[in-house]
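Participant: These protein sequence lines map, in sequence, to chains A and B.
Residue numbers for the first sequence, in our numbering: 269 to 558.
Residue numbers for the second sequence, in our numbering: 0 to 336.
Treat the hints as calculated values from the structure; they're not laboratory data.
Keep in mind that the hints are not guaranteed to be accurate.
What the hints assert, rightly or not - A few chain B residues that don't get close to chain A, going by computed Cβ distances all over 12 Å: (1) K154; (2) D185; (3) G247.
Claimed, not checked - Facing chain A, from chain B, some residues (calculated, C-beta under 10 Å): (4) P239; (5) A321; (6) K323; (7) L328.
Keep in mind the model is a prediction, meaning the values are calculated, not measured.
The beta-carbon is built from N, C-alpha and C at its ideal position, and this holds for glycine as well.
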Amino acid sequence: MIYDQPIFRTMGDTAINIEFGDETSIVLNFRILVLDLAIRENPPPGLIETNPQVRTLGIVYDPLATTLDKMTAALAEMVDEAGAIEELPSRKLVIPAYYNDPWSRECSEAFDVRNNIEYIAEFNDMTVPEVIETHTACDYWVTGVGFVPGAFMSYAMDPRLRFGAPLYRTPRSWTHSRLLNFGGTTSTIYPIRVPGGGQLFGRTPIDIFDPQQNNTVFADGPVLTKAGDRHRYRSISREEYNEIRAEVEAGRYDYQLEEESFDCSGYAAWLESLGQPAELRDPDASWSLS
Amino acid sequence: MLEILKGGLHTTVQDMGRRGGQSLGIPPSGAQDGFALRIANLLVGNPGGGPLILRGDPGTAGLEITMGGLELRASAKLLVALTGADMAISCDSKPAPLWSAFLMRAGQTLNFGMAKSGARGYVAVHGGIDVPPYLGSRATHASGRFGGFKGRALKAGDQLHIGPANADIQSLAGRHLRPELIPAYDGLRKLRVVRGPEAHHFTEKSEATFYNVEWRLNPKSDRTGMRFIGPQLNFYPGRPKYLIKEAGEDPSNLVIDPGAPVGTIQVPSGVEPIVHCVDAPSIGGYARIGTVISTDMSVIGQLQPLQYASFVPVDHEQAVTALKRQESLIAESSISK
Chain A
269 MIYDQPIFRT MGDTAINIEF GDETSIVLNF RILVLDLAIR ENPPPGLIET
319 NPQVRTLGIV YDPLATTLDK MTAALAEMVD EAGAIEELPS RKLVIPAYYN
369 DPWSRECSEA FDVRNNIEYI AEFNDMTVPE VIETHTACDY WVTGVGFVPG
419 AFMSYAMDPR LRFGAPLYRT PRSWTHSRLL NFGGTTSTIY PIRVPGGGQL
469 FGRTPIDIFD PQQNNTVFAD GPVLTKAGDR HRYRSISREE YNEIRAEVEA
519 GRYDYQLEEE SFDCSGYAAW LESLGQPAEL RDPDASWSLS
Chain B
0 MLEILKGGLH TTVQDMGRRG GQSLGIPPSG AQDGFALRIA NLLVGNPGGG
50 PLILRGDPGT AGLEITMGGL ELRASAKLLV ALTGADMAIS CDSKPAPLWS
100 AFLMRAGQTL NFGMAKSGAR GYVAVHGGID VPPYLGSRAT HASGRFGGFK
150 GRALKAGDQL HIGPANADIQ SLAGRHLRPE LIPAYDGLRK LRVVRGPEAH
200 HFTEKSEATF YNVEWRLNPK SDRTGMRFIG PQLNFYPGRP KYLIKEAGED
250 PSNLVIDPGA PVGTIQVPSG VEPIVHCVDA PSIGGYARIG TVISTDMSVI
300 GQLQPLQYAS FVPVDHEQAV TALKRQESLI AESSISK
């Protein structure tokens, strides 16, 4: 559900988590990103940094420069002042992806599970080509970045095409870098070689995180994609994968990234026209918020 | 220059960490025991930087030695200070002092044994370890392969440059931390905790158990997460059904990818609370029972494998008071000569 009023949670002496709801909702995420923008433009005294995620906005602050009460009051005022959400800055990136790739299969074999894309297909009552078709059929919205440097959390913007598969029960101790994966309905890419429990289904030849900042797309920092960005996946062959990877390694790949803004109110209206529930409810839950 | 003869178990260049990375998945990194590194820097006359997590100022880079095994040689006359864990350190086979600045002549070596008490030792050198800053800090994030010395732990053959001296190092030698301020690392350690966002979803009995029992540090712990071995904790029923699909099947999947700053304690499946440490992800996915206060991230950094620790509930005000007290100690008034 989406809460009537965001809840401010104290996290130790230096952090606050502002919770807007408990579900995965792109419309809820808009509210977080709008508040995050307002805070970045006009940071309350003592603010150190913010951490926008799918349904929470993390705040890190200096309790020696301000107090919890003052910081909470300043943030609550900004929540109240945030008006209707019309649009947000949102870059759009095309991510080439080689689906059902040998590296994902190698990981499956190394950890003695079946080829993950076949499991994803079965879990969603699809064929493997349908998995690829569905994953490339709509834009994905990045709600936040976390886990490891550059790892984004994204969700299909067309709720009718939102799918996924449960995480492994026991995570792998390693995963090849740049593998596409699902954790529930969260779609992401492992930027570097890391442990993880996501269901693997493809590999992108492009870098999501580049600490060397070789390509001009990384001129401002080592992380390619930020909260509020959109992605569209494009299915490529092994040959194209190899070509793009060579260009990326040479630092001359031309990332397909467009600076745009996104019509949030139009999107919300479109969701409503689909008859999608505005928020999730479970009348049987005895869930208490406090 | 410092020449590494043996890298030890896991030795990295660390300062007080980088800020601004939470929204990019970039952890703060930096010294796990910030108190010890900052005192070491203070002793040798280096800027110490801001407190852990706040990291408004990363201060000066030194070395963090995990459990021991490091051997290094000074290639010039250097003023150094060793703080943190007791690793029976010798300088040219004579015992080297802890919590005290002393001079090393060119060619002298420091040899670190295994930690007898505490888990992480720190070396500060007047002038600081001179590696290129990355995103505003010299801290190593080894799994991300950036920061520090080539983004990795040190190994034999590495040569670390030292920044220029800006004081008469002879006159700084002999500065030491007042003995009553030297932290004790042995025995049952206490970690102060502010109640967390999902604490109310644990049964009253389980939340009480969390604070009443003595936990042991799982040897699989590291700078990403410290895990604690102890009893199973349980959750109240009544989780909305949509969360099974949205957040996961496990009863501890109470929440979807919430922010998890350094100090956050998650309890996956109600088993083995994990404390997010300085290299941890900025998000979690499990019930957050509490947050270890920033001051006690130093305490947690000195726990040996299987050492006992208990969690002590404090309120936000007490946590800030503890931070203020720590900050008042990182000052010239704590130093004698």
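Participant: Hint B:L328 vs chain A: min CB-CB distance below 10 Å?
Facilitator: Constraint on B:L328 not satisfied, violated at 14 Å.
Participant: Would you assess whether B:G247, listed as outside the interface, keeps its beta-carbon beyond 12 Å of every beta-carbon in chain A?
Facilitator: violated (7 Å)
Participant: Hint validation: B:A321 versus chain A, beta carbon distance must be below 10 Å. Holds or violated?
Facilitator: holds (8 Å)
Participant: Tell me if B:K323 is really an interface residue toward chain A, meaning its C-beta lies closer than 10 Å to one of theirs.
Facilitator: Holds, because the Cβ-Cβ distance from B:K323 to chain A comes to roughly 7 Å (cut-off 10 Å).
Participant: Given B:P239 was flagged as interface, is its beta-carbon under 10 Å from a beta-carbon of chain A?
Facilitator: Constraint on B:P239 satisfied, holds at 4 Å.
Participant: Test the statement that B:D185 is away from the interface with chain A: the closest C-beta pair must be farther apart than 12 Å.
Facilitator: Fine: 26 Å to the nearest Cβ keeps B:D185 off the interface.
Participant: Measuring Cβ to Cβ, find out whether B:K154 lies farther than 12 Å from everything in chain A.
Facilitator: holds (19 Å)
Checked against the numbered hints listed earlier, the structure breaks hints 3 and 7; every other hint is satisfied.
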